[in-house]
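Dock chain B against chain C, hints included.
These protein sequences, in sequence, are chains C and B. If you want the numbering used here, it's the 1-based position in the first sequence plus 305. If you want the numbering used here, it's the 1-based position in the second sequence plus 7.
What the hints contain is simulated information worked out from the structure, not anything from laboratory work. Fair warning: this is a prediction, and the values are worked out from it, not measured in the lab. Backbone N, C-alpha and C fix where the C-beta goes; we use that ideal spot for every residue, glycine too. Hints may be right or wrong, so weigh each one.
[Claimed, not checked] Pair ranges (Cβ atoms, derived): (1) Asp-70(B) <-> Ile-378(C): 12 to 22 Å; (2) Asp-337(C) <-> Gly-82(B): 16 to 26 Å; (3) Thr-85(B) <-> Met-306(C): 37 to 47 Å; (4) Arg-35(B) <-> Met-306(C): 39 to 49 Å; (5) Leu-84(B) <-> Asp-334(C): 18 to 28 Å; (6) Arg-65(B) <-> His-340(C): 17 to 27 Å.
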Amino acid sequence: MIEVLVAVLLVIAVIAVLISCLGMLVMRDALDQLHFTAPAATIAPAAVAVAVLLEEPLSSAGIKAAIVAVLLIITTPVLSHATARAARIREHGRWKVLAHELEDEEAL
Amino acid sequence: MGIDVNSWLIAATALMLTLLPCLWVCVRHSVLSALIAFELASTITTLVLVLLAQGVHRDPFMDLALVSAVLSFAGALTFVRFLERWV
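With the rest of the complex left out, here is chain C (with noise of 0.2 Å):
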């Protein structure tokens, strides 16, 4: 039974990946392509996590897997953040949002 779990959890975790890797092959601008890292880094590293611990509970190696898992999913998230701001200062020279782009864009 166990066994059966492992490998959907497995399957999850892979699907999860290649949706991850196909959106970023068919987007075309970057920040939509920066969405679709998500899943891979967070419920990929999640589904592994908890097959790990359930083949070895409370071993080592689950207690890392988790710690992987758990790392992953903080730290994706920041990364996100920074690389879209990255690309903003990229195309603007700045971070910071201006008076008059917050009426332009009212305004449309």
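Just chain B, lined up with the frame of chain C:
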């Protein structure tokens, strides 16, 4: 002395194949897209290391995944910082 093929190793192989689209984006798209592909590839590599460690039943290999998770974050942040203005 061989290692039996199990679901962990099959999943690791499948994930390694997903590195190819990342490589394609790195080579063919803009610098920013390449950085995003690099970030995704480092996440996939960390997962592959976890799967391989579990697949060959070597607990110390899991440390590699742990180090990879921390260092890939630091490395990607460094690239991001340079891409903001200087590259």
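Violating hint indices (sorted, rising) = 6
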